[in-house]
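Asks: For reference, the chains in residue letters:
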Amino acid sequence: MNEDGAIPRTWRDPALLLKALPTILLQVGGFMAPLVLTLLLTFQTTKSFQLQWTWDLATWANIFSRPHYWTTLGHTLVMAGLCVALCLAIAMPVSYALATRLQAWQNHVKVLITFAFLTDTTLKTFGWAMFLDSNGVANYLLGGIGIDTGGASILFTDWATMLGMVYNLLAFAIFTIYLSLESIDRSLILAAYDAGAGKFRTFWEVTLPLCRPGISAGAVLIFLLAVGVFLEPKVLGGGKSPMSAELIRQTFETRVNWPQGAALTLILMLVSVLIVLAFTRIYSTRAMRGAL
Amino acid sequence: MAENRLLELTDIRKSYGAYQALKGVSLSVGSGEFIALVGPSGCGKTTLLKHIAGFEDPDSGSVAIDGKSMLGVPPAQRPTRIVFQKLALFPHMTVAENIGFPLKIAKADPAEIARKVDQMIALMQLKPEYLRRLPRQLSGGEQQRVALARSMISEPKLLLLDEPLSALDVKLKKALQAELKRLHRTLGVTFVHVTHDLEEAMMLADRICVMRAGRILQVGEPNDIYYRPADPFVAGFIGETNLIPVEILEITATAARIRAPGLEPAELSIPASQLAPGLKAGPALMMIRPELVEMLRDQFGADISIAVEIQEIFSKGGTVQYRARGAQGIELVVELPGSPEKPAEIGDQLRLGWPARQVFLLPAQVPE
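Keeping their order, the protein sequence lines are chains P and G. In this text, residue positions in the first sequence follow this note's numbering: the first is 1, and each later residue adds one. In this text, residue positions in the second sequence follow this note's numbering: the first is 1, and each later residue adds one.
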């Protein structure tokens, strides 16, 4: 304590530095160091699957000269964006119904969603693969209601990948939107009705703006997770149009090209972080617009 | 005021499952009137308000505003606006957007909305620079005014207030009570004010409607409710009172003969105008308000008197309350104006007395 009673907060205060040491060590050792190592890795080369310690720009030159990496990245971002849109479009009415209409069933539905959410993703994804197979339950059921698909199946297409992604990530959107819907004071809705607004107008003017935090949290979460999926494109998409995460896995494991994998990882991270930052920036300026 | 009844509630009944919230409520409110609905929590006063606003429809009975039946008419289409207990200001809209919201919904011209919002701001004595702020940046009292402005802007015929002042501190509450009274006078809008604060109801309302357990016990002017309550519940609910057990020996068209054990005289006659309606011979209660009781130094100063010992003294500043016990275990509360000298001490033996024309006789029990 100095003479005016305030706690000094300077870098030169050794006690403060000591207290912050565990966090700093954890951040630097657990987060910063691997990133720096990954970056260093991109400047190395491999020779007969052995890492050579050099200082070489070949990996980056290779990446920037091959459009394949960039179309994969673009494909990944489009898939992730579409996944976010679909998840929000499905989660919005589901959470709205949960929060307003289905109050008697609320807990049962929440338990069901949670169980589906907690079940291992690999299991669920293979489940969908069997369901969608040309000899699977989906075609059997479609045949049952008189739609003959002629053995055609959406398995091993982007649609199947998307189905798996939406299915596996939907719960994040439902939970975040449901929580923010549920925290809306019921009297605000009544006040809007009382002021003359109909159901749709009330939803548009009051409910939707007030659950925006939930929507954006869900969107960011799903986007970041969707950018990193590799199971769904492999199992349901049949690996025919790989997405970035799957490409990275292949580069590391199958092709054993660590520098290349590291570079792809960094690019994917950087692009996703930039997109999320841009999104939150636009979002927060829009939210602030009303304030002052 | 039979010729200009704005609101007419007829035999409204409403049940939620096995729970009967309203058990046949009828009430008519005149145009421009300020009526207060009071009662303990769970008495049905807020439920009744929701029936007027249109958030609930009755199981049976009718709601009519301006002679038109409102059954099945949604809140938006009723000429009513409600000010909620929690105010329900939209947190994502500025003060101006909040106040103008009903007009925006009604698709009014933006310039017209801005003009009306400015009018409302002036009427509510809010500072114009508040218009661009969010509700949470305002104090509790200012938020109140914004909520009131939002309900008034579309010029409703009937303003419904659901305990909007209950969350405020005493000083602010007093200021806003005065404000409500002023608004009511200037706008000429009919106010239905739900409150559990009786002092507030007495202060503000032209008429008070006392409810309990889904029924209206009494409707009347504040003074009537206070000095001529219909039953012991209303008497005890509105302010402090003395209820002395008596027995009615005989009721005639002009008076009731009663026996009052412990009082002097023990038998007396009370004029018919001082009897609660529906009173029958048998056990009853004599009511006298604490401020009507006097301390007597000799036996002959009052029509009715009793010898007591002072048990406790509470000074409230401007008034002093004495609690006393007399014969037959009769306990009395006396309220006298405060003064620098103390007229009595704890343990003093003295007589309390009051004029016979100021008592009111009530049934011993609340009629079911």
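No lab work stands behind these hints: they were computed from the structure. There may be inaccurate statements among the hints.
[Stated by the list, open to error] DSS-like mimics (lysine-lysine), calculated; alpha carbons at most 27 angstroms apart, straight line: (1) 116/G x 86/G; (2) 127/G x 68/G; (3) 199/P x 127/G; (4) 171/G x 199/P.
[To be verified] Some chain G residues flagged as far from chain P (calculated, every beta-carbon gap over 10 angstroms): (5) 86; (6) 154; (7) 267; (8) 336; (9) 361.
Using N, Cα and C, we set each Cβ at its ideal position, and we do this for glycine too.
Asks: For each hint, tell me whether it holds in the structure or not.
Replies: Quick rundown of the hints versus the structure:
A threshold of 27 angstroms between alpha carbons decides the hint, and for residue 116/G with residue 86/G the separation of about 24 angstroms falls inside it, so the pair holds. At roughly 39 angstroms between alpha-carbon atoms, residue 127/G and residue 68/G are farther apart than 27 angstroms, so this suggested pair is violated. Distance hint between residue 199/P and residue 127/G is unfulfilled; the C-alpha atoms sit about 33 angstroms from each other, more than 27 angstroms. For the suggested pair residue 171/G and residue 199/P, the alpha carbons sit about 39 angstroms apart, so the restraint of at most 27 angstroms is broken.
A beta-carbon of chain P comes within 10 angstroms of the beta-carbon of residue 86/G; the shortest separation is about 5 angstroms. Non-interface status of residue 154/G relative to chain P is broken: a Cβ of that chain comes within 10 angstroms, the nearest being about 7 angstroms off. Non-interface call for residue 267/G relative to chain P: holds, since the shortest CB-CB distance, roughly 57 angstroms, exceeds 10 angstroms. Non-interface call for residue 336/G relative to chain P: holds, since the shortest CB-CB distance, roughly 45 angstroms, exceeds 10 angstroms.
The claim that residue 361/G lies off the interface holds: its Cβ sits roughly 44 angstroms from the closest Cβ of chain P, which is beyond the 10 angstroms cut-off.
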